[in-house]
Every structure is written in C-alpha cells, then in structure tokens.
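Residue numbers (our numbering), protein chains in the order written: chain A, 1 to 203; chain B, 204 to 406.
It should be emphasised that the hints constitute simulated quantities derived from the structure, not laboratory data.
Please note that the accuracy of each hint is not assured.
To be verified - Below are the PhoX-like pairs computed for lysine-lysine, each with C-alpha atoms no more than 25 Å apart in a straight line:
hint, chain 1, residue 1, chain 2, residue 2
1, A, 103, A, 127
2, B, 328, B, 306
3, B, 228, A, 103
4, A, 127, B, 306
5, A, 103, A, 125
6, B, 306, B, 330
7, A, 25, B, 330
2 protein chains.
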Amino acid sequence: MERRKVDPIARLIQALSRLPGVGEKSATRMAFYVLRQGPTFAADLAESLLEATQRVSLCARCQNLTDQAECGICADPQRDVRVLCVVENVQDLRAIERSQEFKGRYHVLHGTLAPLEGIGPEGIKVKELLSRLAGSDRSVEELIVATNPSVEGEATALYLQRVLQPMGFTVTRIASGLPIGGDFEYADPATISRALSGRQRMS
Amino acid sequence: MERRKVDPIARLIQALSRLPGVGEKSATRMAFYVLRQGPTFAADLAESLLEATQRVSLCARCQNLTDQAECGICADPQRDVRVLCVVENVQDLRAIERSQEFKGRYHVLHGTLAPLEGIGPEGIKVKELLSRLAGSDRSVEELIVATNPSVEGEATALYLQRVLQPMGFTVTRIASGLPIGGDFEYADPATISRALSGRQRMS
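Based on the sequences and whatever the hints tell you, model everything.
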C-alpha cells in the first residue's frame, strides 16, 4: 500500500488501541477527541511521548526510572542506606513511596522469575543487585523482599533469600494477610491461610 | 519552574490523563507501558498524533473528517444524492455507516443546539448545510434528521424541520423506541412512551 494512502484517522485509532486497557472503541473516542482539541493538544501529547522515551532511563544504582544518572530516591541523603526494598517494578516502588512508610532505598527487578516462560535470574535485575551490594552499597544490612504475594513473586523471594542470606544479609519478606478493611467472608482461602500462619502476638 | 526540571514521566502521565476516559491511574499504567515498549512504540504513536491533526480536516461538502478535499462518502458516485442524513458528529456517521443501511450522503453538524450553553444555529454546521442545499446539492429531496433522541438532539431536529420544510424538502426523523433485544421491564418511561406513540401498522 502506498504510504500516503493510509487513512491518518485509522492509523491514529490503531496506534492508540495499542495502549494498555484501550480497546478499539475507546481508541476511536480518543482519536476523535484529539482531532476536536486541535493541533496543540496532539503536539503536546506527542512531545511528552518522545521526551519521556528519549530522556528517561534506568537509575544506575536501583534501576528505577529517572531522567538523571541516579534517581531522586538514591540521590536523597536522608534515605537510610542500610535497608533495601526489592520490588518487581517501578509502579510497585511508587505505590510503596505513596504509603510514606519506607525510608530506605529500593532495587527494582523489572520482572519476576518465571521458569515456565523461560525467565531466570539473568532475565531480571539480579546481577545489578548483587553488584551494588558488593560495590557501592556495602552499607546495606537488611533487604525487604517486596515482590507481590503471587506464585512468581514468592518464587523470586525464595530465590533471593537463598542467594542473599548466605552472604550475611538479613532478608525479610513483606507481611501477607487480610487487607485493611477486608472481610474473612470475601477473602480467598490462600489469603486466610496466610493471615493465620503469619499471626503475631499482640503486645 | 525551569523547563528542563519538569519530570518527563510526570509530564507524560499528565498528558495521557487528558485523554477521555483516562484517569491518573490508567495514565500511569499507560506511561510505564510506553516506557517499557521503547522508543519506536512512542515515536509511532507520536507521529500518528501529529499526522492526524496535520492532515485531517473537514470535508468541504458534508463536514465529515477527511484527509482529502472531499470525504470518501461524498466522492463515491454510488451514493444516492437525493437523501441526506444529518448527524451530530463523525462518530454517529461512522456508526450509521457500520449498519450498512444507508446509501445516501451525510451532513455532520458537529454539535447540537444548546441554548443554555449559548450554542445556537451559528455554533453548529447549519450554515454549511443550507449553503450546500442551495448550491452544489440541489439534488437533495429528503433529509433524515439523525440527531440523537436526547433533549438537545430533539431540539435540533425540530429547528431543522422548521427551517427546511418551508423550503420544500421532505424532513424525516429517525425512529425511537425499544432497542432490538430490549425489554419493557428495563426500559425508561420516555422510551416506552415513544415506542407506543411511534407504533406502526403491521403489514
């Protein structure tokens, strides 16, 4: 097909429908909305897309996304350099930051072990973790493994424990159980089982 | 704020959240997805946005969106030039085209009358309709007013009837009633009322 013959509206709808959670109907609605808004709106979105992909890369220390050599968290002298929170991805890091509960630094794995899909330790940022623990981050004492309580997240946590504990690090795992506001009536058996086995003495 | 200091991820999330139906959460998910896909994905979406807003304009005849002087429907010699279907917007035109029920041409109003919001006939493409009926489209005999069965759509239909009928055109209105597969039990009173008053003799 000749390049100029491609319908630009169809092309825009197709491009938008590749975004996550966007079907053809929403993409069509978005496309017409964009066309109604005029060129400035589209140009701003286009520039944001290009700028983000051009300027954002991985933090040399923790693999968080950043437009600097080191991300804002790693560069913050207020953060506790003795505790490292290991997360699956940047969204999880951001969720933990929003809770304002954690004052240490992070390490982003960018995935989990998934043997069935052929993803082993070399497929996630484990090498980078070991390298920083042996190099610039010798101050780390405890690693909180905050991968999700899913099959893959648990497998990844177990793997990290087996590698890191013999090296002398304290390896802890986030607590699992009923979420705050949750209800036993609606909780799944695995969550209830975890809530029971993870019980703690009340003080 | 200095221009270079704006976090490109935050900027992308903000730009994406201006799309219709996209809240901050979906925008965040989209932004990280885009960053994971790499620069080609973002560049393609950015180019689609720019190309669409640069190349697409209104059809000189029917006000449909097109990248030509006249849209594909107006340029199609197979379409019946005696019937004109008047719609609110391009999405509605596309929906009617998908039904493959209509073989005439269209006129897109790009809105409805909305006196409370200060939108009168000059705020929608009525002038363009009258001008084509008096000029290049003298062949038109019937106008099917296919604005939506909403307060604004009905008001617009009534207005068009009052203007066009005295000019000698046959002005018809789309049928309203229970949708196919609908159920009286769940239909609203206005729809039921319309289904009854619009009843037709069975042949």
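Enumerated hints in conflict with the structure, sorted upward: 4 and 7
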